[in-house]
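From first to last, the protein sequence lines are chains A and B.
Going by our numbering, the first residue of the first sequence is number 1, and it counts up by one from there.
Going by our numbering, the first residue of the second sequence is number 1, and it counts up by one from there.
Treat the hints with care, as some may be off.
For identical chains, the list gives no copy identity; a pair is met inside one copy or between any two copies.
[Unchecked claim] Capping the alpha-carbon separation at 30 angstroms, the derived lysine-lysine pairs in DSSO-like fashion look like this: (1) Lys153 with Lys344; (2) Lys514 with Lys7; (3) Lys156 with Lys290; (4) Lys7 with Lys290; (5) Lys365 with Lys153; (6) Lys18 with Lys108; (7) Lys153 with Lys7; (8) Lys153 with Lys538; (9) Lys365 with Lys156; (10) Lys213 with Lys196; (11) Lys156 with Lys344; (12) Lys196 with Lys564; (13) Lys636 with Lys564; (14) Lys567 with Lys108; (15) Lys636 with Lys78; (16) Lys290 with Lys636; (17) Lys538 with Lys514; (18) Lys365 with Lys344; (19) Lys156 with Lys636.
Keep in mind that the hints were calculated from the coordinates and are not lab data.
There are 2 protein chains.
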Amino acid sequence: MGELIGKVVESTLYYVPKSEFDRIRTLNDASAVDRTRMFADMCRLNTLYMIARAGSGHVGSSFSSLDVVSWLYLNALKNDDLYFSSKGHDAPGLYAVLIALGTLPFEKLHGLRRLDGLPGHPDVTVPGMVINSGSLGMGISKAKGMVRADRLKGHKRRYYVLTGDGELQEGQIWESLVSAANSNMGEITAIVDHNKLQSDYRVSQTSDLGDLKAKFASFGWHVERCDGHDLDEFSEALENCAAHPGRPQVIIADTVKGRGVSFMEHTAMESDADMYRFHSGAPDADSYGKGAQELLDHVNRALDRIGATQLSLETVEPSASVPPSATKRLIPAYTDALLARAAKDERIVALDADLVLDTGLIPFKEQFPDRFVECGIAEMDMVSQAGGMALQGLVPICHSFGCFLSTRPNEQIYNNATERTKVLYVGSLAGLIPAAPGHSHQSLRDISALTSVPNFDIVEPCCPEEVPLLLDYLISTPGRSGYLRLISVPWAVPFDYPATSLTPGQGVVLREGKDAAIVTYGLIMTAEAYMAADALAKDGIDTKVIACPFLNRIDGAWFAEQLKGLKLLCTVDNHYLNGGFGDQLLAALARQGQAMPQVVSLGITDVPASGQPAEVLRHHGLDSASLKDRIRQELK
Amino acid sequence: MGELIGKVVESTLYYVPKSEFDRIRTLNDASAVDRTRMFADMCRLNTLYMIARAGSGHVGSSFSSLDVVSWLYLNALKNDDLYFSSKGHDAPGLYAVLIALGTLPFEKLHGLRRLDGLPGHPDVTVPGMVINSGSLGMGISKAKGMVRADRLKGHKRRYYVLTGDGELQEGQIWESLVSAANSNMGEITAIVDHNKLQSDYRVSQTSDLGDLKAKFASFGWHVERCDGHDLDEFSEALENCAAHPGRPQVIIADTVKGRGVSFMEHTAMESDADMYRFHSGAPDADSYGKGAQELLDHVNRALDRIGATQLSLETVEPSASVPPSATKRLIPAYTDALLARAAKDERIVALDADLVLDTGLIPFKEQFPDRFVECGIAEMDMVSQAGGMALQGLVPICHSFGCFLSTRPNEQIYNNATERTKVLYVGSLAGLIPAAPGHSHQSLRDISALTSVPNFDIVEPCCPEEVPLLLDYLISTPGRSGYLRLISVPWAVPFDYPATSLTPGQGVVLREGKDAAIVTYGLIMTAEAYMAADALAKDGIDTKVIACPFLNRIDGAWFAEQLKGLKLLCTVDNHYLNGGFGDQLLAALARQGQAMPQVVSLGITDVPASGQPAEVLRHHGLDSASLKDRIRQELK
């Protein structure tokens, strides 16, 4: 869930080399439990290294699950048994384990969240990864499908599936439990990494799980509960599960988020602090250094106890830092616009699905506590609750990342629209960037997934100044609901925004041109298009740039007029090409019945890459340099 | 769920007039329980009348819930209290109640599933209907949103929400229970119409619910259980609920599907019969007559006991029947194609979400019992299970109605696609027709909702002969998943299908023409287009008809060649215009950089109407006569 994209740590970094893992695994003087504990802390060290180097990643849940995961890989998995994480946020920890074991090439340690490295969430193209996850709630269902396949083939093996505790708020989890019990799927052992915190707050604050043991038991599962950091207890729980081969089993593993580094452990949070700081993002240099030292000390103390040699680490010096350029941000602009609107309009209510920090809602929550509803990771429930509110005259605004909001509750959004009330949706983390979290979090299907909802506008601002104009439009226009698509990362904006009002269906001309036009939308692609036009001008190609805030309501006549006499139209989608804005613009132009310029349609055409912004934009041919080259080539 | 569209009953029909309801409600010699029982049976009579006249509707669940619903309306609802059904299939029963009480105009009794009458599932435009339902699992969430709105406004009232028992397989139900308990929503009383059967089979066969009482209790709800036909028991359960104002409450009402007509009651099913016959569709004339007589006898016996006058019924004589024209069906063609393919390919597995009859899977289930998985009403779980199977080398095919399959598990379908396995989806009940069930069941967003899934084909056959060609294409093409869109109703096919093989991205020319072209797809619109072209020919307008099986993979050059020299291109979408096939075709043509003919784009532009096929096609301007008129007018 939460996806803070932070800064890389610019100080000396440390990691444990493969040879040290090999040494610790064969330390005969240590018990299996002691070896596994050391192994897990060494994986924590490497996890911290990977995240510090990448600038983002999920420390908290990697650390909370690492004892359990290490135990599974070192002592429990037999033959073809498979382990995977349903939540997937703990991928860095799992990568560290797979690298330590040699399943993954060691050099991948340096490539977390980089192109051709290790994606932010699990992907089956990575050796050792069994399923794609990061979209929550699917893991147990996936395991069930695999069990059915095994049974058909007469293949015997066990599946260990890790879930989060916040993840248990997703309806699919409970949907998936039913038939696992009815089909006696004793092959499956689910393990709940019960670290008590979700993206933003404590699970108990967000949407308390109640009597979890009774819940699982009532769904027909055998339930164990243990301390997820006490490996003797966990091992016993696994044995007890094995004694129930005719029923699926679940182990509720009580864990500590951030386990292993004292000040990252959620139990170290001040009693009045309600937000945990190490869910996503990267630690600062100071936290990194102290955390790494603590982990190293743990391992060395354990080695001391058995008289073994101290741990030897490899060192990486920081590369020269790039000074940040001046950037603009849409989320704070949205926060301000929402507060201003809400102060004047009592009907406005904000709903959140466990992303209050990412979606910029904390000031709203503080200013209008009665009008804020934290729904937990329960997007379907959130959207249908909003429908109920709208039927009673409120104007509810649902918030989540675009990837989740446009798809998980897709049928619920349509159901609301058929009631002809006004319900608004704000999908952040829109588009290709940040690409670091991987495809589960890159919202590249939201236009297509929602465009057919009747009486429904999809809008996206190209700069902070456009945010209040679009929010006002969505709230004020009678008889229509809508979706505000927001890019979450900061970006440099190279143009002055000229508009003070918007006309539905029309774009904003940022730059005139006589040869070609780039028509696009949103913070990143508009900026890249503008820079491409600047570069093309130096080559004598005069390129118009039109930013389109209205992505599914298109004034074909206006656009036809704007494009008259141009040789080339380049549409750029920060979205899959199929079903994106470009398709709709071209269809609207085709209906105008006038001569079309040559057309080049750019956008995403396959599962997007995970990596850092510049390399991924370039990979998909969407950075300003690629745009420039493509247009120059097309005009030849 | 299940939607058999049957025949209207062509014999004398009977209904209870409003005056008789008024008389029974004020019979002072009868107890509240006796009056309510009579009222409920009279509503059953009118429900049977409505469904017999409409030719389809859900008898079974209307009858199972009518005692509870009648009690609520006659004795429990106070002031602004609201009742609604989350499942919505029981709409005919609820309409009968609202008509009896005068909330709905009495003449609506004659308009079930007719244009401007009463839609097949609840819609808020109908007086007395609180939410739109028919898409399952949303009701409790909606109630929660309303409670939050009431609390904000300081308004006090209670909400009674009816759910099905099969509906409890939907994950959203369990998702919605959590925060209702955490927010102490004592304002909500859910009632489970526990009639033990879902669309096709017994709930226990499909996906057993286990210890339902323990499940609800573990989610923090106060639980009552009672005989849902014993109104003393039900009334006591309601009182017990009222004694727990600080917690949401649920009453598990044990009911009998089809209650009130002996041979429609599920308890009368033969012990070896596994399929219940009265879930959807209409009774035949004989069943209608016997059923109506039984219900009349019940009421008259009760009136006898208190010495009151016998019930007086109104009579409606049947209208002259229209002889059916020769029609073709896609579902049996799909069944045959699937069986043939599966016999040769052991990897093929079929998954169903409680629509085994509607989706044509019974022969597959019988022939390949090990390769058939009944998932229950759990589409997300079904799709992710399929993903797991595909990762283990199977070729899973998921089945449901298109409206549900393309939206409820939308994120899960994408997740599977990112794993680059082959998973197929077959969405039936596609398009505008049958319109009788209403917008929750009209699949008009599936192209848009799925087109952006990468490496994914959306295909739709225009006639039975095209079904095996498309299924073969989907199964054989490496590296791509896909969605087969199937219209479920039979339709007259006026052309001979000329193709024996298909080229991806290209259409099939059914008729040449020099003036205009209609480009469309699917069983109904292709037939209507062909007939329109026939009619236009008589007016001297020579119209080409192209049927397009590939809805999101378009060979623009081929189409441009086909349309060369024509004055008019008419695209017809059996889908919302926004995001439909027409948009994608026009975009592909615009990229060809040649002169476009005049374009007219037809399709659905607002929430579709509910009614009978001919009237609804006409309403949306999509029947052959409207197409002809529109093209003639455009060419003027």
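Hints versus structure:
1. Taking identical chains as interchangeable, the C-alpha atoms of Lys153 and Lys344 lie at most 30 angstroms apart only when they sit on different chains, with a minimum of 17 angstroms there against 64 angstroms within one chain.
2. Taking the shortest alpha-carbon separations for Lys514 and Lys7, neither the intra-copy value of 41 angstroms nor the inter-copy value of 64 angstroms comes in at or below 30 angstroms.
3. In this assembly of identical chains, Lys156 and Lys290 lie within 30 angstroms of each other by CA distance neither inside one copy nor across copies; the values are 46 angstroms within and 55 angstroms between.
4. For a Cα distance limit of 30 angstroms, the shortest separation of Lys7 from Lys290 inside one copy, 17 angstroms, qualifies, whereas the shortest one across copies, 76 angstroms, does not.
5. In this assembly of identical chains, the alpha carbons of Lys365 and Lys153 lie at most 30 angstroms apart only when taken from different copies (18 angstroms versus 53 angstroms within one copy).
6. For the identical chains of this complex, Lys18 and Lys108 are intra-copy neighbours only, at 12 angstroms inside a copy versus 77 angstroms across copies, given an alpha-carbon limit of 30 angstroms.
7. Neither within a single protomer nor between protomers do Lys153 and Lys7 lie at most 30 angstroms apart by alpha-carbon distance, with minima of 48 angstroms and 45 angstroms respectively.
8. Taking identical chains as interchangeable, the C-alpha atoms of Lys153 and Lys538 are never at most 30 angstroms apart, the minima being 64 angstroms within one chain and 61 angstroms between chains.
9. Taking the shortest alpha-carbon separations for Lys365 and Lys156, only the inter-copy value of 24 angstroms comes in at or below 30 angstroms, while the best intra-copy value is 51 angstroms.
10. For the identical chains of this complex, Lys213 and Lys196 are neighbours both inside a copy (15 angstroms) and across copies (27 angstroms), given an alpha-carbon limit of 30 angstroms.
11. With identical chains, the CA atoms of Lys156 and Lys344 are at most 30 angstroms apart between copies only, with a shortest distance of 26 angstroms across copies and 63 angstroms within one.
12. Within a single copy, Lys196 and Lys564 get their C-alpha atoms no closer than 60 angstroms, and across copies no closer than 65 angstroms, so neither meets the 30 angstroms cut-off.
13. In the homo-oligomer, the alpha carbons of Lys636 and Lys564 lie at most 30 angstroms apart both inside one protomer (20 angstroms) and across protomers (27 angstroms), since each shortest distance falls under that limit.
14. With identical chains, the CA atoms of Lys567 and Lys108 are never at most 30 angstroms apart, being 46 angstroms at best within one copy and 59 angstroms at best between copies.
15. In this assembly of identical chains, the alpha carbons of Lys636 and Lys78 never lie at most 30 angstroms apart, being 61 angstroms within a copy and 76 angstroms across copies at closest.
16. Taking the shortest alpha-carbon separations for Lys290 and Lys636, neither the intra-copy value of 57 angstroms nor the inter-copy value of 80 angstroms comes in at or below 30 angstroms.
17. In this assembly of identical chains, Lys538 and Lys514 lie within 30 angstroms of each other by CA distance solely inside one copy; the values are 14 angstroms within and 48 angstroms between copies.
18. With identical chains, the CA atoms of Lys365 and Lys344 are at most 30 angstroms apart within one copy only, with a shortest distance of 16 angstroms there and 60 angstroms across copies.
19. In this homomeric assembly, Lys156 and Lys636 never come within 30 angstroms of each other (Cα to Cα): the closest approach is 61 angstroms inside a single copy and 71 angstroms across copies.
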